[in-house]
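Build the full structure now, drawing on both the sequences and the hints.
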Amino acid sequence: MKIKQLSVFLENKSGRLAAVTRLLASKGINIRALSIADTSDFGILRLIVNDPEAAYRALKEGGFTVSLTEVLGVEMPDRPGGLSSVLTHLEEAGINIEYLYAFLGKGENGALVILRVEDLDKAIEILSAKGVQLVKAEKVYAL
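Residue numbers for the sequence shown follow my numbering, so the first one is 102 and each next one is one higher.
It should be emphasised that the hints constitute simulated quantities derived from the structure, not laboratory data.
Quick caveat, the model's predicted, so the values are computed rather than measured.
Straight-line C-alpha distance at most 27 Å; calculated DSS-like pairs for lysine-lysine:
| id | residue 1 | residue 2 |
| --- | --- | --- |
| 1 | Lys-237 | Lys-128 |
| 2 | Lys-128 | Lys-105 |
| 3 | Lys-114 | Lys-128 |
| 4 | Lys-103 | Lys-240 |
| 5 | Lys-240 | Lys-161 |
| 6 | Lys-223 | Lys-237 |
| 7 | Lys-161 | Lys-237 |
| 8 | Lys-223 | Lys-240 |
| 9 | Lys-103 | Lys-128 |
| 10 | Lys-161 | Lys-128 |
| 11 | Lys-223 | Lys-105 |
| 12 | Lys-103 | Lys-231 |
| 13 | Lys-103 | Lys-237 |
| 14 | Lys-105 | Lys-237 |
| 15 | Lys-105 | Lys-231 |
| 16 | Lys-105 | Lys-240 |
| 17 | Lys-240 | Lys-128 |
| 18 | Lys-103 | Lys-223 |
As structure tokens, then:
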């Protein structure tokens with residue numbers, strides 16, 4: 102259920118994002134989802150790719166500051182309140198959400214969201230018990 106996500110530290114200057122995407126493309130690595138958070142000086146690019154280990158090696162060798170973290174993929178109804186119901190389960194369990202972002206496209210039965218939470222194992226346990234559809238890493242990498 103855990104999905105490997107790359108976090109890349111980027112200086113906030115022209116061409117840095119293009120350099121990352123160019124490097125990944127040259128290695129045949131396909132980006133499945135991404136998010137960027139920035140300040141005036143730097144940004145954190147978060148990526149889900151089809152081959153996280155190869156992407157990590159390529160970025161390290163390319164001189165980028167990169168880390169691998171584990172996140173959770175959740176499929177939820179694509180209707181008003183779909184996200185709210187998932188977040189409510191986590192709130193009731195006292196699980197803090199560090200960040201989340203939408204996934205490209207849609208799941209078979211709804212919208213896809215990537216979540217980074219404080220206690221991943223507990224979140225998996227709670228959401229599974231509540232009948233929330235968790236997305237397997239292999240499925241995400243293959244999209």
